[in-house]
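With the hints as extra help, turn the sequences into a complete structure.
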Amino acid sequence: MLFLYGGTNDHFQAYSRISEQTSIANGHGWANLTAQRHERLSASTQMLSLFVPNKATCLPDLYPLPLDHVPTPGLGEMRRLLKEDTGVMFCDDLIEASLPANRYDSSPWKLTDSHWSDYGSLLVANSILRRLAVTPIESHWVECEPHFSAGDLGSRFGEKVGVQVIREVACELPTPLCVFDSGGGSLDGASMGRRVEWECEDAPIGSSSLVVGNSFAGTGLRRNHLVYWFSRMFRRTVFLHAASVPTDVREAYRPDIVLFQGLERFMRLVPVDEYTAQQCEAVYEVRA
-11 MLFLYGGTND HFQAYSRISE QTSIANGHGW ANLTAQRHER LSASTQMLSL
39 FVPNKATCLP DLYPLPLDHV PTPGLGEMRR LLKEDTGVMF CDDLIEASLP
89 ANRYDSSPWK LTDSHWSDYG SLLVANSILR RLAVTPIESH WVECEPHFSA
139 GDLGSRFGEK VGVQVIREVA CELPTPLCVF DSGGGSLDGA SMGRRVEWEC
189 EDAPIGSSSL VVGNSFAGTG LRRNHLVYWF SRMFRRTVFL HAASVPTDVR
239 EAYRPDIVLF QGLERFMRLV PVDEYTAQQC EAVYEVRA
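Heads up: the sequence shown begins at -11 in the numbering used here, then just goes up one per residue.
What you were told as hints is all true, and nothing was included just to trick you.
The following label-pair restraints were derived from C-beta to C-beta distances:
1) Gly173 <-> Asn90: 34 to 42 Å
2) Pro162 <-> Ala270: 29 to 37 Å
3) Ser4 <-> Asn90: 26 to 34 Å
4) Ile154 <-> Ala31: 46 to 54 Å
5) Thr10 <-> Leu53: 18 to 26 Å
6) Thr10 <-> Glu133: 45 to 53 Å
Keep in mind that the hints were calculated from the coordinates and are not lab data. Heads up, the beta-carbon is just placed ideally off N, CA and C, and yes, glycines get one too.
Next up, the structure:
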């Protein structure tokens, strides 16, 4: 099992006693921002916030270094402050599925990747659907053509390491149509400001959803993206890769449901919601 360490996404220090007070302060900042977002949007749309725990938080016994706190103090403080808010989710089903007694038959995490697996993504998608009072997606395991999966951590040691995939999660879902992608269909979804729109005429939910998040929410082009499942369940799904929820989110995207997806390791920075949709998307245009 490989974990992130070092680099721009290094988050090991967030588990240490040295960073405890800073982490708690960031938890306060995120809790305040989340409460403000819900107050701002809940009158005209259904607003949910989902915070994904680190792989190390879900699998602390497999992490090769000692962790002083699990989860990080900031995430723990945020959970405490928002425990009464039913619109905020912390992936409890994912954490339970990661327990030693549950993880080996159907692992919610990829072995050589910092992201969750297809199964983990579907597990969380179903948790969200239940929170929306919608019937979850039925699934089963099937054998597939064996193929090699390296993951984003598979090349950290020179020669690629990975796993041989021999089965996958199967679901009977309609096929959506991608009607817009500022990334031109690129499978590399780690680009701030990217917008992808999906339409699905046969979707079981006739509503429009907007997902603001990072590579865990994803573009919908990979099976371990939350948007992969959303695009098949909602009539219209928009993904915006951003840390801020645009100030004009209702006017720009016309969503019935807004989901913000955050990540524990990104909690060291508290964003501000001071940008329009056009400004959020322009970041991608500059980097493209």
